[in-house]
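If you read the sequences in order, they're chains A and B.
Each residue of the first sequence is one higher than the last, beginning at 1 in the numbering used here.
Each residue of the second sequence is one higher than the last, beginning at 1 in the numbering used here.
The set of hints was computed from the structure by calculation and includes no laboratory data.
Keep in mind the model is a prediction, meaning the values are calculated, not measured.
Some hints here could point you the wrong way.
Straight-line Cα separation of at most 20 angstroms, DMTMM-like style, residue types lysine to aspartate or glutamate; simulated pairs [unchecked claim]: (1) B:430 - A:229; (2) B:409 - B:79; (3) B:87 - A:229.
Pulled from the structure, derived: some chain A residues nowhere near chain B, Cβ distances all over 12 angstroms [what the hints assert, rightly or not]: (4) 86; (5) 91; (6) 94; (7) 96; (8) 140; (9) 165; (10) 182; (11) 183; (12) 187; (13) 189; (14) 190; (15) 201; (16) 258; (17) 279; (18) 288.
Every residue gets a Cβ at the ideal spot worked out from N, C-alpha and C, and that includes glycine.
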Amino acid sequence: MKLTPKVFSVFLLPALVYYLTMVILPIGLSFYTALFDWNGIGQATFIGLGNFKELLFNDPLFWQTVKRNLLFALFSMAEIPFAFLLAALIARFFRRGQRIVAAYFLPVILSAVVVGQLWQAIYHPLSRGGLLNQILVLLHLDSLTRAWLSDPNVAMYALYFVALWQYLGYHVLIQYTGIQNIPHTLQEAAIIDGANTWQIMRHIVFPLNIPFFKISLILAFIGSLQAFELIMVTTGGGPAEATEVMSTYMYNQSFLNLHYGYGSAIASFLVMFSLLATFVLNTVFASLEKRYDIGG
Amino acid sequence: MYNRLLKIKPLLMLLFLAMLVLIVGCGKNDSANNSTDKGQVKLVFQNIYPDETATNHKVMKKIVNAYMDQHPDVRIDLDSLNIDQQKLKLKTQASGKNLPDIFVVNASAQMKPFVDEGLLAPLDDMLDKNTLRQTFQEGILNYYTFDGKTYALPDGNNIGVMYYNKQIFSDLGLTPPQTFTELIDAVKKIKSEGIIPIAIAEKETWTGSILFMNIVLRTNNGPGFLDDVIAGKKTFHDPAFIEAIEAFEELVDAGAFQEGATTTEYAEAETLFRTGQAAMYYMGTWATSGMETSDHKDYIDVFPFPTVHGKGNVRDFMLAPGSAFAIAQNSPHLEQAKDFLNYFMLQWPKENFEMKAAVGLAQHVDGDFQKAGYSDISINVLNLFQTVQGGDLAFDNTMKPDVAQVHLKAIQRLFVEKVSPQDIADEHQKAFEKSYAQ
Chain A
1 MKLTPKVFSV
11 FLLPALVYYL
21 TMVILPIGLS
31 FYTALFDWNG
41 IGQATFIGLG
51 NFKELLFNDP
61 LFWQTVKRNL
71 LFALFSMAEI
81 PFAFLLAALI
91 ARFFRRGQRI
101 VAAYFLPVIL
111 SAVVVGQLWQ
121 AIYHPLSRGG
131 LLNQILVLLH
141 LDSLTRAWLS
151 DPNVAMYALY
161 FVALWQYLGY
171 HVLIQYTGIQ
181 NIPHTLQEAA
191 IIDGANTWQI
201 MRHIVFPLNI
211 PFFKISLILA
221 FIGSLQAFEL
231 IMVTTGGGPA
241 EATEVMSTYM
251 YNQSFLNLHY
261 GYGSAIASFL
271 VMFSLLATFV
281 LNTVFASLEK
291 RYDIGG
Chain B
1 MYNRLLKIKP
11 LLMLLFLAML
21 VLIVGCGKND
31 SANNSTDKGQ
41 VKLVFQNIYP
51 DETATNHKVM
61 KKIVNAYMDQ
71 HPDVRIDLDS
81 LNIDQQKLKL
91 KTQASGKNLP
101 DIFVVNASAQ
111 MKPFVDEGLL
121 APLDDMLDKN
131 TLRQTFQEGI
141 LNYYTFDGKT
151 YALPDGNNIG
161 VMYYNKQIFS
171 DLGLTPPQTF
181 TELIDAVKKI
191 KSEGIIPIAI
201 AEKETWTGSI
211 LFMNIVLRTN
221 NGPGFLDDVI
231 AGKKTFHDPA
241 FIEAIEAFEE
251 LVDAGAFQEG
261 ATTTEYAEAE
271 TLFRTGQAAM
281 YYMGTWATSG
291 METSDHKDYI
301 DVFPFPTVHG
311 KGNVRDFMLA
321 PGSAFAIAQN
331 SPHLEQAKDF
341 LNYFMLQWPK
351 ENFEMKAAVG
361 LAQHVDGDFQ
371 KAGYSDISIN
381 VLNLFQTVQG
391 GDLAFDNTMK
401 PDVAQVHLKA
411 IQRLFVEKVS
421 PQDIADEHQK
431 AFEKSYAQ
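With the hints as extra help, turn the sequences into a complete structure.
So, in C-alpha cells, the structure goes:
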C-alpha cells in the first residue's frame with residue numbers, strides 16, 4: 001500500500017480521537033466549569049468570570065503558589081547548562097557514554113512515591129535518624145541540622161532539590177543525544193583546522209545543539225508548572241501552605257474545599273500559562289535558530 | 001483516485017468495526033448494571049474496607065455472602081476502595097448522578113450536600129423493619145438525620161482518647177494527668193528523657209485538629225462551641241477559642257510532638273506509639289484494634305483528655321460517629337437495596353463481636369467482652385465509653401469544607417511557626433464569614 005495523506009490520516013485517526021477526547025475536550029470542559037460556582041455535587045450557578053476575578057485579584061494564596069512554581073521553573077532551567085556540561089564531558093571522555101547516561105537516567109524511572117519516601121528518610125529530623133542531618137553532625141555542622149521538610153523556610157527548597165536530582169538524568173540524556181547527533185566530520189575538520197576544544201564547543205557543538213536546549217527548556221518549564229505528586233507524597237503542601245503549588249492548590253480547592261468551579265479556573269490558568277510559556281520559548285529559539293541557520 | 005479509495009476501504013471498515021464493537025461493548029456494560037444474565041438483581045456495594053486481611057473486610061464479606069446464599073436472585077458486587085479514593089470516586093459519580101446502589105458517606109456536614117441534592121434515599125421505613133432502629137445507640141442516628149429523615153446508617157461510633165504507655169509513665173513516676181498543667185509537666189519530663197511525649201500524624205491535618213478541638217471542648221466549658229458560632233451566638237474571637245490556641249501553643253513549645261510532625265503519616269505516628277518510642281498518642285478509639293497487635297499492648301492504656309485551666313468536664317469527648325452506609329435514591333432496585341442493608345446492619349454487631357472487633361460500634365452488642373477474650377485495652381476503652389456524657393464532632397464534620405480547610409491549615413501552622421492566637425482567630429472568622437454569607 002502506498003503511503004498517501006489519506007492512509008496517514010486513517011492511521012492517525014485513533015490517536016487523534018484519543019487526543020481530542022482525553023486532552024482537548026477535558027481542557028475545554030475545564031474552561032466551561034470555571035464559569036460556574038459549583039460544589040461538584042449540587043446545582044451549578046453561572047457566575048461568568050467571577051472565579052477568575054477572585055483568583056487573579058483577590059487570592060494572595062494563589063499568587064504565592066504561582067511564585068513557587070516560577071521559582072521552581074527557574075531552578076529547573078538553570079539546571080540545563082549543568083546537564084549539558086555533564087553530557088559534553090561524557091561524550092568527550094567515554095567511549096560507551098550511554099552506560100553513564102543510563103546511570104544518570106535511573107532516578108527518572110522511579111515513581112514519585114518511591115522518590116518521595118526515599119528523600120523523606122534522607123530529610124528526616126535528627127531525632128528520628130535523618131541521613132542528611134547525621135552527615136551534617138559528622139561534619140561538625142550541627143547548627144545546620146533541621147527538620148528539612150517541616151521547616152516552612154526551607155521545605156520548598158528541599159523539594160526543589162529532590163526534583164532537580166531526579167530530572168538531571170533526563171536532561172543529560174537529551175543533551176547527550178543532541179551532542180551525539182552532531183556529525184563527527186565537523187569536529188574532525190575543525191581539529192584539522194587547528195581549533196581547540198573551547199572553540200569546537202563554542203562554534204560547533206553549542207549552536208548545533210540549540211534544538212535540544214529548546215526541548216530541555218520547554219520540558220523543564222512545563223514540568224515545573226505541573227509539579228504535583230512529589231509534593232503530595234512528602235509534605236501534602238504543608239506545613240501550613242509553605243509548599244503549596246498551583247496544581248496542589250487546584251486539587252485542594254476542587255476536592256477538599258468542594259469549589260469545583262474555582263479549581264477549574266486554576267486549571268485553566270495553568271493551561272494558558274503553559275501555552276504562553278511554550279510560545280515565548282519557541283519564539284526565542286526560533287530567532288536563535290535563524291541566527292545559526294539550523295532547522296528546529 | 002478511485003483505486004486509492006478502494007485500497008483504504010478495508011482499513012476504514014476495520015476501524016468502524018472496531019468502534020462499533022467498542023460502542024456496543026459499552027452499551028452492554030451499562031445494561032449489566034441493572035440485572036445479570038440469570039435474571040438476578042445486581043447491587044453495587046461501594047465500601048471503604050479494601051484490605052482483605054482486615055477484620056472489617058472479612059466481616060463485610062461474610063455478611064454479604066450469607067445474604068446472597070439466602071437470596072439467590074440477588075448478586076452483590078463489592079467495590080472496595082480506600083477512604084480517599086472512595087470520597088473522590090463518589091463525588092465524581094455524584095456529579096454525574098451515576099451513584100452505586102449502596103455506598104459510604106460521612107456524618108453531618110460532610111453528607112449534607114448529598115442530602116440537599118436529593119441523592120440519598122430516606123431509610124426510616126427500613127429502620128423500622130426487624131427492629132433495626134432499636135439496635136443503634138441512643139442519639140447516634142441524629143448525625144445522619146436531616147429534617148426528621150435518616151439517610152445513612154453508621155458502621156461505628158468512636159471517641160477521642162489519649163492512649164498512653166503505662167511502662168514509660170511508671171518508669172518516670174508519672175500518673176495519667178488530670179489537668180492540662182499536669183499534662184505539660186508530664187510532657188516536659190518525658191521529653192527530657194529523650195522519649196517523644198505525644199506522637200501525632202500531622203501530615204493528615206485532621207489529627208492535630210481533633211486534639212485542638214478537644215482543648216476547645218474544655219475551654220468552652222462543654223460542647224457546642226462551633227454550633228454557637230454557626231448560630232451567630234459566638235465568634236472565633238471568643239475567649240474560649242483564644243485560650244485553646246494558647247494552650248495548644250504551650251504544648252508545642254513544651255516539645256510535646258515529635259520533630260517533623262507535619263510530614264508524619266498516620267501509620268507512622270501510630271507505629272511510634274505502638275513500638276514504645278512515644279509515650280502518648282491522641283486518637284479516636286478506632287485505633288484500639290491496632291493496639292491489640294502491638295508488642296507493648298500490655299502496657300497500653302487510655303485516659304480522657306484532662307481539664308484545661310480548671311475548665312471542662314472529662315466526661316465530654318470528641319465524638320466520631322462513623323462513616324455510614326447510604327442508598328442511592330435513584331437506584332433501580334431501591335427496595336432490594338434496603339432489604340440487604342437491613343440484613344447487613346442487623347448482622348454487623350454480631351459478626352464484629354465474634355471477630356473481636358466490637359469496640360467502638362454504633363450499635364448495642366450482646367455478649368460478654370471479658371468472656372469472649374477481649375484484651376485489657378479493649379475492656380478499658382469500653383469502660384471509658386460508659387462514662388461518655390456528651391461532646392463535639394470534629395471540625396470538618398461541623399463546618400463547611402472551605403472553612404474546615406482554613407482551620408486545618410491554621411492548626412498545622414501552629415506546629416511550625418509562632419503565630420499570635422489573635423491572627424489564627426481572625427483567619428477562622430474571615431473564612432467563616434465569607435463561606436456562610438453565601
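Results of checking the hints against the structure:
1. Among the hinted pairs, residue 430 of chain B with residue 229 of chain A is inconsistent with the structure: their alpha-carbon atoms are about 31 angstroms apart, more than 20 angstroms.
2. Annotation: proposed proximity of residue 409 of chain B to residue 79 of chain B is violated, straight-line Cα distance about 32 angstroms (limit 20 angstroms).
3. Taking the CA atoms of residue 87 of chain B and residue 229 of chain A, the gap is near 19 angstroms; set against the 20 angstroms cutoff, the hint holds.
4. Remark: the non-interface label on residue 86 of chain A is consistent with the geometry, its nearest Cβ contact in chain B lying 31 angstroms away (cut-off 12 angstroms).
5. Residue placement check: residue 91 of chain A keeps its beta carbon more than 12 angstroms from all beta carbons of chain B (closest about 40 angstroms).
6. Every beta carbon of chain B lies more than 12 angstroms from that of residue 94 of chain A, the smallest distance being close to 39 angstroms; the non-interface claim holds.
7. The claim that residue 96 of chain A lies off the interface holds: its Cβ sits roughly 41 angstroms from the closest Cβ of chain B, which is beyond the 12 angstroms cut-off.
8. Every CB of chain B is more than 12 angstroms from the CB of residue 140 of chain A (nearest about 21 angstroms), matching its label as outside the interface.
9. The claim that residue 165 of chain A lies off the interface holds: its Cβ sits roughly 18 angstroms from the closest Cβ of chain B, which is beyond the 12 angstroms cut-off.
10. Under the 12 angstroms C-beta cut-off, the non-interface status given to residue 182 of chain A relative to chain B holds; the minimum distance is some 40 angstroms.
11. Against chain B, the non-interface label of residue 183 of chain A holds: every CB pair exceeds 12 angstroms, the least being about 38 angstroms.
12. The beta carbon of residue 187 of chain A is kept farther than 12 angstroms from every beta carbon of chain B, the shortest such distance being approximately 46 angstroms.
13. Every beta carbon of chain B lies more than 12 angstroms from that of residue 189 of chain A, the smallest distance being close to 47 angstroms; the non-interface claim holds.
14. Non-interface call for residue 190 of chain A relative to chain B: holds, since the shortest CB-CB distance, roughly 49 angstroms, exceeds 12 angstroms.
15. Chain B leaves residue 201 of chain A outside its interface by the beta-carbon criterion, the shortest separation being 43 angstroms against a cut-off of 12 angstroms.
16. At roughly 5 angstroms from the closest C-beta of chain B, the C-beta of residue 258 of chain A falls inside 12 angstroms, breaking its exclusion from the interface.
17. Listed as a non-interface residue, residue 279 of chain A keeps its Cβ farther than 12 angstroms from every Cβ of chain B; the least gap is roughly 33 angstroms.
18. Separation of residue 288 of chain A from chain B is adequate, the least Cβ-Cβ distance of about 42 angstroms exceeding the 12 angstroms criterion.
In the structure shown, a violation is registered for the earlier hints numbered 1, 2 and 16, in ascending order.
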